[in-house]
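Enquirer: Okay, here's what each chain looks like letter by letter:
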Amino acid sequence: MTMAVGGAEIFPAGTARPGDDRRLTRVNTNEAVNVLVTGPLLDSERWRRWWIAFAVSAALTVIFFGSMIYLFVAGIGIFGNNSIVVWGYPIANYVWWIGIGNAGTLISSMLLLTHQRWRAAINRLAEAMTLMAVAIAGLMPIMHMGRPQYFYWLAPYPNTMGLWPQWRSALIWDFWAILSYLLFSIVFWYTGLIPDLATLRDRATTRAKRVVYGALALGWRNSARHWHIYQTYYRTMAALATPLVCSVHSIVGLDFAASLMPGWQETIFPPYFVVGAMYSGFGMVVVLCAAVRWGLRLEALITMRHFDIMAKVMLMAGTVMLISYATEWFSGWYSGRGVDRRFLGFEFAGTYSPLYWIMIFCNCIAVQAFWFRSVRRSLPAIILISVLINIGMWLERILIVWNTLSHHYVASMWRLFYPTLWDWLILFGSLGFFAFLYLLFVRFFPVVSMHEVRQLVREETAS
Amino acid sequence: MSLVLLAEFEREEALVNAVGQLGERDYRVIDAFTPYEVEGLGGLLGASPFRVRAAMLIGGLGAAALCWFVEWYSATLGFPFDSGSRPPNSWPVFPLFPFEFGVLMAGVFGFAAMLWSTGLPSLNHPFFDSPLSDRASQDRFLLAIDIPSTARARRTLERLLADMGAEAIEEAEL
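Protein sequences, first through last, are from chains A and B.
The numbering of the first sequence is my numbering, which starts it at 1 and goes up by one.
The numbering of the second sequence is my numbering, which starts it at 1 and goes up by one.
Hints were generated in silico from the structure; no laboratory data involved.
Glycine residues also receive a C-beta, built at the ideal position from the N, C-alpha and C atoms.
Among the hints, a few may not be true.
[Unchecked claim] Derived Cβ-Cβ restraints for the label pairs, each shown as a range:
1. Ile-358/A to Ala-54/B: 11 to 21 Å
2. Ser-331/A to Ala-54/B: 44 to 54 Å
3. Leu-57/B to Ser-331/A: 38 to 48 Å
4. Tyr-190/A to Pro-95/B: 26 to 36 Å
5. Gly-40/B to Ile-358/A: 49 to 59 Å
6. Trp-294/A to Tyr-73/B: 36 to 46 Å
7. Thr-160/A to Ser-2/B: 20 to 30 Å
8. Ser-44/A to Ser-90/B: 56 to 66 Å
9. Pro-80/B to Thr-160/A: 16 to 26 Å
10. Gly-40/B to Ala-55/A: 45 to 55 Å
11. Ala-54/B to Ala-58/A: 41 to 51 Å
12. Gly-336/A to Ser-90/B: 46 to 56 Å
Next comes chain B alone, as it looks inside the complex (with noise of 0.2 Å):
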């Protein structure tokens, strides 16, 4: 946890136009809070879903490739039952299990490594402590930024968020 400062702005613009400019300064933007998805955002902070990606991709090719193999075991020793002839390594219908489930394993595994990604669950996290935050899940956008180390750096930081358009600075912790 971190202490840092939370500055809230009115429009999606002011806060994409705070970040690239606190950037060139060389401030340390540490996260935003938007009540939508701001393209292009989350990946500018460093957020990857690479976990997400890789979870849902082995997760439903292992379900798909383990329902593959319970219906070749089952079919051909488990239970090898004469149907009309048909040969008990029925290949050609055997994809619509291991489709459906691996599907189903790819959303599951996908939802556990974004929760893994994101940390959540967290119902009391600090962040729930800033009066700020409520407001980010309805119609604000707040910036959390690094607090400088001396006062002087702290309030010349303040007076550029203000100058950017920050309607209130909270200081809060993350």
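Isolated chain A (complex conformation) (with noise of 0.2 Å):
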């Protein structure tokens, strides 16, 4: 028995051969689903540009531990930091990452309490964005330490030298946070998971994947009693997920904001910065949409519409990340006080201006033009503006760090920062090692969440 698919033909389940879900163009039937998101994953023959892929990724995978052994060894003078810019490159990554890692969970759980459907095209591809992201990020902070052996000092346990941890730090916020965040995206993920891990058990091709597949499904027998618990925990993370998430990175901008520093002493920080954790982290699960989208030829799944509705969002987004400068900048300004106003000149017109200039054509600038639908339409000028927004975002945390250190209240601790090649092998280091971690997460885990997907498929073919 065959049944025709968009002009394809697929197979009764269990049937399919591979390659099939090459020729399926329009998905409207749950096999189709299942064939186009399991083929890739049971037919190993079809993994060779993977291999490309994840070579080079090991390769910078390599560099960036390396380099994080180099450091440990010998210390963290290896870095541009001196003793007035003592935040550099490590600190820049962290805030980075961590607005990458929160976008994954906030575009899903806000997305599903919002019951927008669409969602599960992306969803699992942007939480396993989180997860990676997250863990890079918690690194950084540690190789940011200088005596990373002592970082368990921040976690409160009875010990002999008769020292707790100092909860009216932010480093105690930001460890609390991480780690929680952490934790949580994982349930979150491999909850999401269980349903879609069954599907893989039963389409099997061989025994070894049927083992280890169904272990990691728990026995999920898709029981309607189970699936009405499910939902319901399902649902309740994610409403738990959203605050978590604005929570997180909120703290991270009361790192900043918490000191006493021009420039960072802002109460508009926490919201700013969970704004622009949303933003950078859309435009990566663009990057990483049309990526997976293309590998796995997964065109008929992940549309142009899903990169149309993101496009908006980052437009959204970025104009609200100009009205926030904006603020700043008037704030600045308003305050009267001479040392915010000097730091307001450095922003403009000082050593690191042109990198200040090119993150506001990143940020604000470039992404104004998917007010054109032709724009948004385009997957080659959406991906292009993603990216200059990605490059934006770092640029805007490095400059955070880097514009108030070197500018500091008194000229003779005014200082300018240097990279080293160990903070750029850093920072691209950690580029290889996400991309080495979600490299094998595309290769074992099904990108797109099945079962919600069938569920969108039924919605739409009743409709």
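Using the supplied hints, reconstruct the complex from the two chains, each of which is provided in its own coordinate frame.
Expert: Written out as structure tokens, the structure is:
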């Protein structure tokens, strides 16, 4: 028995042959969803391009961990940090990665709570991005510490030194925010995966795959009773995830805002950081969606409509960023304080000003192209602007650190930051490590939430 | 464990219709197996997420309360450190840690309660012995009905299920 789907043929469950999914151009049955998503995972012969990408990412991962080992041996003197600009790349990288990490759960949970069914095609990709980005973000402060072997002192535990954490310190808030968020995200992501792991178990072509996916699926039987309990739990997790995500990046904002430095001591930081996180996260999700869609041939599932909607969200976030920057500038000028006005002048015309102007272009100007439908419907244009947004958001993070610390209250403490080779190796190594983890996820787990897409297909065919 | 009749339907509507009709005729529907959540069906079959909700509430609030106590104890009694003459019991900054950890624990407790309520993990459940079980996770809708005590009543039920659109009917253990 065969069924016609979008002009192509598909086969009854369990009889799909490797490569059948390549002929699917439209998804309007449950089996079409299954074939599209599980087809690549169960066919081990079509991963040549994946191996090339994996080898490149593995090389960068070696560089990342090699640099980290050298850092732990030699100390943070290998970075461009100096006695004035005491924060450098690791802190900027941390804020950037945690921002990207926040967006995944934010996208997934907010869209679930607001019944945006289209999320089904991208939420798994976004949640996986969160896990990996937050894990990498968590490594950055440890690298920055100088004495990484003592990081566990941030946890409260009875000890012979009689020491307890300093709860008034932003470092402690960060520790608990990252740790809680990472573990919560793992539980949320895994819970969403369980029904799809059961599908993989039931379609597995080898015993080994059946055993592994079966164990990971915990014996999920698709019972209606189980669905009822499962969905209650999953939706409650989504409801908890939204304030958690907002709190995590607000706390990152407080790392700066709780200080007394010009350019940092601003009440706008927490919400502005949350929007920035969503902005850079959507940028990264677009890039990942485009790559996965191309690599696994998921054009029928991740459609241009998804990119169109994400472009609109980025347009909104970019506009909010512009308003946030403008509020910062106005507050600096309106405060009348010499130090704030000097800081403002340093941002626009100081040593780092070319980077600042590039940041404004990437974060505020380039995204305005999304007002045009033709741009939102052009995948190369959306990818280009998303990459620019990610570059712009990284520049924002590093400039928050550099501009303030390089331009203290006292002129005798004005000093610049010059990045070293190790700064760059850690930055690009972390990108490679992210790609390494993400490629593993893509190879072994369903990248699209099949059970949610099936529900979507049912609703669309019924209407 | 009990023996049931598993009826396979191609469409969700046929399954929902069958649940309604069988209920009206006093057949006992034990469970249904669907490739996605059919809204309202689990509640109709008597599933209750109460344990999950209770566990999340208790786990979350309990963990948050414990965190606040640790903060208060360590800041005022364990290690009262004078930082810029701020009071040791600086409660305005205390909610951050309990909130983060409380949300995490609500999630962890809820996950444990979900497993408890559903009886998972259950890797070797007899349901998997049925040849129909594989497609419940893919594209078919299964209904499990208590087998009537007499052979005649069973034949009547099978005919009824076939009339309602069942594509296959098998005996299975649940």
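Enquirer: Output the indices of the hints that this structure fails to meet, ascending.
Expert: Per hint list: 1, 6, 7 and 12 violated.
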